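Enquirer: Chain residues, written in single-letter form:
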Amino acid sequence: MKLMIIDAPSLNAFVDKLIGAHPVMGVRQHNGDGKHFTFARLSDAKELRLDYGVTVQSPKKFFSPQKEILLHFKRADSQAEAARLDAAPFVLIGVHPYDMVAINQLDRVMREGNPDEQYLKRREAAIIIGVDPVNVGERAFWGSMGTWEVSEGYDVWLTDIGGKFVVETATLKGEEVVSKFASTKGASADDARKREEVRAKLQKLGTTTDVKFKPEELPGLLRGNFEHPIWDEKAQKCYSCGSCNLVCPTCYCFDVQDHVDICLTQGTRYRIWDGCLLEEFAIVAGGENFREHRQQRYRHRLFRKGLYLYDKVGDIACVGCGRCATACLPDIADPVDVYNILKEGK
Amino acid sequence: MTFHHAENMYVPVPATIKNVVQLTPIENVFTIALDNGKPLGHKPGQFVEISVFGIGEAPISVTSSPSRSNGTFELGIRKVGDVTGAMHGLNAGAKIGIRGPFGTSFPVDEMKGKDVCVVAGGCGLFPARSVINEVVDNRKDYNRVIILYGTRSPGDRLFVEELADWHIREEIEFYETVDRAEATEENSLACWSGNVGVITTLFPKVELDPAKTYPIVVGPPIMYKFVLKELEKKNIPHEQIFMSLERRMKCGVGKCGHCQINGLYSCQSGPVFRYSDIRHLKEAL
Numbered sequence: 001m002k003l004m005i006i007d008a009p010s011l012n013a014f015v016d017k018l019i020g021a022h023p024v025m026g027v028r029q030h031n032g033d034g035k036h037f038t039f040a041r042l043s044d045a046k047e048l049r050l051d052y053g054v055t056v057q058s059p060k061k062f063f064s065p066q067k068e069i070l071l072h073f074k075r076a077d078s079q080a081e082a083a084r085l086d087a088a089p090f091v092l093i094g095v096h097p098y099d100m101v102a103i104n105q106l107d108r109v110m111r112e113g114n115p116d117e118q119y120l121k122r123r124e125a126a127i128i129i130g131v132d133p134v135n136v137g138e139r140a141f142w143g144s145m146g147t148w149e150v151s152e153g154y155d156v157w158l159t160d161i162g163g164k165f166v167v168e169t170a171t172l173k174g175e176e177v178v179s180k181f182a183s184t185k186g187a188s189a190d191d192a193r194k195r196e197e198v199r200a201k202l203q204k205l206g207t208t209t210d211v212k213f214k215p216e217e218l219p220g221l222l223r224g225n226f227e228h229p230i231w232d233e234k235a236q237k238c239y240s241c242g243s244c245n246l247v248c249p250t251c252y253c254f255d256v257q258d259h260v261d262i263c264l265t266q267g268t269r270y271r272i273w274d275g276c277l278l279e280e281f282a283i284v285a286g287g288e289n290f291r292e293h294r295q296q297r298y299r300h301r302l303f304r305k306g307l308y309l310y311d312k313v314g315d316i317a318c319v320g321c322g323r324c325a326t327a328c329l330p331d332i333a334d335p336v337d338v339y340n341i342l343k344e345g346k
Numbered sequence: 001m002t003f004h005h006a007e008n009m010y011v012p013v014p015a016t017i018k019n020v021v022q023l024t025p026i027e028n029v030f031t032i033a034l035d036n037g038k039p040l041g042h043k044p045g046q047f048v049e050i051s052v053f054g055i056g057e058a059p060i061s062v063t064s065s066p067s068r069s070n071g072t073f074e075l076g077i078r079k080v081g082d083v084t085g086a087m088h089g090l091n092a093g094a095k096i097g098i099r100g101p102f103g104t105s106f107p108v109d110e111m112k113g114k115d116v117c118v119v120a121g122g123c124g125l126f127p128a129r130s131v132i133n134e135v136v137d138n139r140k141d142y143n144r145v146i147i148l149y150g151t152r153s154p155g156d157r158l159f160v161e162e163l164a165d166w167h168i169r170e171e172i173e174f175y176e177t178v179d180r181a182e183a184t185e186e187n188s189l190a191c192w193s194g195n196v197g198v199i200t201t202l203f204p205k206v207e208l209d210p211a212k213t214y215p216i217v218v219g220p221p222i223m224y225k226f227v228l229k230e231l232e233k234k235n236i237p238h239e240q241i242f243m244s245l246e247r248r249m250k251c252g253v254g255k256c257g258h259c260q261i262n263g264l265y266s267c268q269s270g271p272v273f274r275y276s277d278i279r280h281l282k283e284a285l
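Protein chains in written order, with the numbering used here: chain W, 1 to 346; chain E, 1 to 285.
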C-alpha cells in the first residue's frame with residue numbers, strides 16, 4: 001500500500017487520461033434529475049460524480065452483464081462454439097466500499113466449484129478505483145453491516161480529505177495506472193491522519209436507520225425462523241416483480257435462453273439475469289413449482305442473503321446498500337425491517 | 001474436470017441419437033453416442049443437460065447403467081416441456097448437444113452386501129433403472145434386490161420387456177402396482193391382474209430388514225413423503241435411504257440458482273440425496 005495526494009484538477013486530468021486510454025465506467029448523473037446516479041461509460045471527466053450516495057444499479061453489471069451470449073450454435077449439426085469474449089482492460093471508477101465487498105463476494109461464488117470463465121475474465125480485465133463515500137443513499141445501512149470499509153479487491157482507492165484526495169494504490173495494476181496517468185505527490189503524515197479521520201466517520205454516515213442486529217447474528221436468527229409469520233405478512237404485499245433481485249449487488253442467478261436467427265439455421269444461447277422472486281423461477285416442465293407461493297419466494301431471498309450464501313462461501317450476502325428497499329414499490333423489501341423483527345423475537 | 005464440454009462449461013459437445021424406442025405415447029428412450037467417441041462415464045443417478053439448439057437445454061437423468069454403457073447411453077424422456085417435446089420430434093441420426101454428467105449418484109459401493117430396495121413411481125423408473133441394472137449386472141455383490149414400481153395405469157408401464165424379465169428372475173423380488181386398472185379412452189391396455197392402488201399399498205407385502213435395507217426412492221414430488229412414512233414404519237435408518245429429487249436446473253454447475261433447495265444447489269449436492277442429509281431442509285420434500 002502506498003499513499004499519495006492528488007488535487008481536484010489533477011484528478012480530473014487523471015480521469016481524462018484514463019478515458020483516452022481505456023473505456024472508463026464511472027458514476028454519473030442519471031436522467032439529470034440530480035437525485036439518481038448510475039455507473040456508465042464516461043466521455044469526459046466532468047461527468048464523474050464522486051459525491052453520489054448510491055447508484056440505481058450496482059457495478060456488478062460490468063462483470064455479469066444483464067444479458068450475455070454464452071455460445072453460438074448451428075442447428076443442423078448441433079455444433080456449438082463459445083462466445084468470444086472481449087476482455088480488454090477497462091476502468092471502473094467510483095466504487096463504494098459496500099459495492100466492493102459485494103464484488104469480492106461475487107468473485108468468490110464465481111470462482112468456487114466450477115469457475116465461471118466469462119465472469120472471471122471480465123473481472124480480471126477491470127481496473128477498479130474505489131472511493132470513500134461522502135454521501136449516503138436514503139435507505140442505506142452499510143454502516144451497520146461492516147461494509148463501510150474494505151481491504152481487498154480494488155486497485156486504487158480515493159479518499160476526499162477536502163479539496164484533495166488521498167490516493168492509495170493497492171496492486172501493481174493500480175500503481176501502473178497512477179504512475180502513468182496521474183500527477184500526484186507523496187502524502188504527508190497529516191494527509192494520512194486526515195484520511196483516517198474521514199474514515200472514522202463512515203460507519204456513522206452509512207447508517208440511516210435503526211439497525212438492531214449485527215450481521216454475524218443473521219445466520220443464527222434465520223436458522224430458527226423459517227416458519228416466522230413475518231414472511232407471510234410481508235409477502236401479502238409482494239408483486240413478485242423481482243425489482244429487489246434486479247438491483248441487488250450480490251444477486252447473480254440467471255436464466256439461459258436460445259435465440260434463433262431469422263435464417264433458422266443458426267443462433268445464439270445467452271444468459272440473462274433472473275430473480276428468485278419471479279413466479280416462474282423454480283417451476284419445472286409439467287407445472288410443479290417448488291416455490292409456488294410469494295411467501296416462499298420472499299423468504300428465499302432474505303434467507304439467501306443472511307444464511308444460504310454464508311453457508312456456501314462464508315459471506316453475509318447483504319452489504320447494506322439499501323437498493324432493494326428503494327426499488328420495492330410496496331416497500332416490503334428492506335432487510336432491516338425483517339431482520340430487526342427476528343432479532344427482537346416478535 | 002471430467003465433464004464433457006467444449007471450450008467452457010456452458011458449451012455442450014455434439015452427440016448423435018443412435019436409436020429411438022417409443023415406450024408409451026409420451027415416453028421415448030433415446031440411445032445416444034457422443035461424437036468424440038468417448039463414453040459418457042456417468043455413475044447411476046447422475047444427469048446430463050441435453051441441448052436441442054434453438055429450443056433450449058433440459059436436465060435429464062441417465063436411464064442406462066454404466067454396466068451396459070457400450071460406448072452409448074440412454075435417456076428416457078417424457079414429452080412434457082419445450083426441450084423434451086422437441087426431442088420427441090427427433091429420429092435416429094439427429095444431432096443434439098450434451099453437457100455432463102453432473103451431480104451425485106446412488107451409493108452402489110456402500111450398498112454392497114446389503115439389501116437394495118428400489119421404490120420407483122411413474123417416470124421415476126428412468127433414473128432408478130440406471131441403478132437397478134447396475135446392481136442386477138453385479139448381482140453377487142448385493143444381498144436381496146427388491147423393486148417396487150407403481151404407475152398410474154397399465155398403459156403407463158415403462159420398459160415392459162425388462163419388467164417381465166424382473167418378474168421371471170428369482171434373484172429379483174419385483175412388486176408392481178397401478179393406481180387404476182380400468183380401461184380409459186387413452187389407455188386400452190387394461191388387462192391387469194396385479195395389485196391396484198398407490199405405491200404405498202405394496203409395502204405390507206414386503207419384509208425389509210432395517211439393519212441391511214437401502215431404499216432408493218424416485219418418483220413424482222407427491223410420492224416421497226408417503227413412501228417415507230412406510231419406511232419409517234419399517235424402522236429403516238435415515239442414513240440408508242437415498243432419493244433423487246427433481247428441480248429446475250439451467251446451468252448444472254452450481255451457478256444459476258434455480259435448483260436451490262434452501263441453501264443446497266441440487267445440481268451439485270444432488271440430485272441423489274441421503275435422507276439424513278436433507279431431512280431438516282424444509283424445501284426438500
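FYI, nobody ran anything at the bench for these hints, they're computed from the structure. A quick note: this is a predicted structure, and the numbers were derived from the prediction, not measured. Errors might be hidden in some of the hints.
A short, non-exhaustive set of chain E residues, derived as facing chain W with CB atoms under 10 Å [unchecked claim]:
no., residue
1, Asn8
2, Ala15
3, Asp82
4, Ile146
5, Phe226
6, Leu228
7, Cys256
Cβ coordinates follow ideal geometry from the N, Cα and C atoms, glycine included.
Enquirer: With reference to the structure, classify each hint as holding or not holding.
Expert: Structure-based check of each hint:
1. Asn8: 5 Å, holds
2. Ala15: The hint holds - Ala15 of chain E has a Cβ within 10 Å of chain W, the shortest such distance being about 7 Å.
3. Asp82: At 7 Å from the nearest chain W Cβ, Asp82 of chain E passes the 10 Å test, so the hint holds.
4. Ile146: 28 Å, violated
5. Phe226: At about 16 Å, which exceeds the 10 Å cut-off, the nearest Cβ of chain W leaves the hint on Phe226 of chain E violated.
6. Leu228: 18 Å, violated
7. Cys256: 5 Å, holds
Of the numbered hints stated above, those contradicted by the structure are hints 4, 5 and 6, listed in ascending order.
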